[in-house]
Amino acid sequence: KAGVTQTPRYLIKTRGQQVTLSCSPISGHRSVSWYQQTPGQGLQFLFEYFSETQRNKGNFPGRFSGRQFSNSRSEMNVSTLELGDSALYLCASRSELMRSPLHFGNGTRLTVT
Amino acid sequence: AQKITQTQPGMFVQEKEAVTLDCTYDTSDPSYGLFWYKQPSSGEMIFLIYQGSYDQQNATEGRYSLNFQKARKSANLVISASQLGDSAMYFCAMRESLETQGGSEKLVFGKGTKLTVNP
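Those protein sequence lines, which keep their order, are chains A and B. Residue 33 in the numbering used here sits at position 33 of the first sequence, with consecutive numbering throughout. Residue 95 in the numbering used here sits at position 95 of the second sequence, with consecutive numbering throughout.
If you're looking for bench data, these hints aren't it; they were derived computationally from the structure. Values in this document were obtained by computation on a predicted structure and should not be read as measured data. It cannot be assumed that every hint is accurate.
Said to hold, decoys possible - The calculated label-pair distances, taken between Cβ atoms and stated as ranges, are: (1) Q17(A) x P119(B): 18 to 26 angstroms; (2) K70(B) x I12(A): 29 to 37 angstroms; (3) T20(A) x R72(B): 21 to 29 angstroms; (4) T20(A) x K70(B): 40 to 48 angstroms; (5) Y54(B) x N59(A): 26 to 34 angstroms.
Said to hold, decoys possible - Negatives, chain B to chain A, calculated, CB over 12 angstroms: (6) S31; (7) Q51; (8) Q56; (9) K111.
Claimed, not checked - Using 27 angstroms as the maximum straight-line C-alpha spacing, the simulated DSS-like pairs for lysine-lysine come out as follows: (10) K57(A) x K111(B); (11) K73(B) x K114(B); (12) K13(A) x K57(A); (13) K57(A) x K16(B); (14) K73(B) x K3(B); (15) K3(B) x K111(B).
Note that CB positions come from ideal geometry on N, CA and C, so glycine has one too.
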C-alpha cells in the first residue's frame with residue numbers, strides 16, 4: 001500500500017504570494033489532517049477533513065485554508081504569505097478505526113523570503 | 001486543555017543499550033490515546049507505538065515499549081538495544097475523546113526529544 005504522498009517537497013515563495021500544497025492519503029483513508037511544524041512552536045494542528053468536510057480546525061488565521069476532494073485527496077492554501085509561515089507542513093491520514101494512528105507524509109518544506 | 005510535556009530536549013545513548021524518553025500529559029478526558037512518533041532528519045513522522053487510556057497492559061512493539069503510569073499521567077517510551085538508526089527526534093502525542101468512533105481527529109504534540117545513538 002502506498003503511503004501518504006505530499007507535493008511538492010520544497011517550495012520557495014515571496015512575502016505576499018499564495019501557495020497551494022497537495023496531499024494524497026493512503027488508499028481507503030477518508031480522514032486527512034494538516035500540521036505545521038516550526039522550530040519555535042513545534043507541531044501545531046491546522047485542520048482535519050473527512051469526506052470533503054472540515055471536521056476540526058486549529059488556531060490559525062483565515063489565510064490558512066484547505067479542502068478535500070471526493071477521492072480524499074486534500075489541498076491546503078496559504079494566502080498573503082508572511083515570513084513566519086516558513087515551516088514544514090505535514091499531511092496525515094488515518095483509517096476510521098478508533099485506535100488507528102495518523103500516518104504522515106514526508107512533508108512540504110515552505111520557505112518564505 | 002490537553003498538554004504534552006517532554007522534559008528532555010536531548011538524550012545520548014550508547015549503541016545496544018536501552019534508553020527511556022519521558023512524556024507526561026495533562027487531560028481531564030477519561031478516554032484518550034497516547035502515541036509516539038519518530039522523526040528522522042528526512043522529516044517524515046513515523047508511528048512507533050500506541051497506548052489507550054483503558055488499556056490494562058503496557059504497549060509493546062518490537063524494541064519499543066511504553067511505560068504507562070496512568071495515575072502519574074506519564075507515558076515514557078523505552079527503546080531497547082539501541083541502534084545507530086534510532087538517532088532522530090521523538091515526539092509524544094495525545095488524542096482525546098476516543099469514545100466516538102470516527103470522531104474528529106486532532107493530535108497534540110510535545111516539543112520532542114532528540115536522541116543520539118553513539119557507536
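Which earlier hints can't be squared with this structure? 1, 2, 3, 6, 7, 9 and 13
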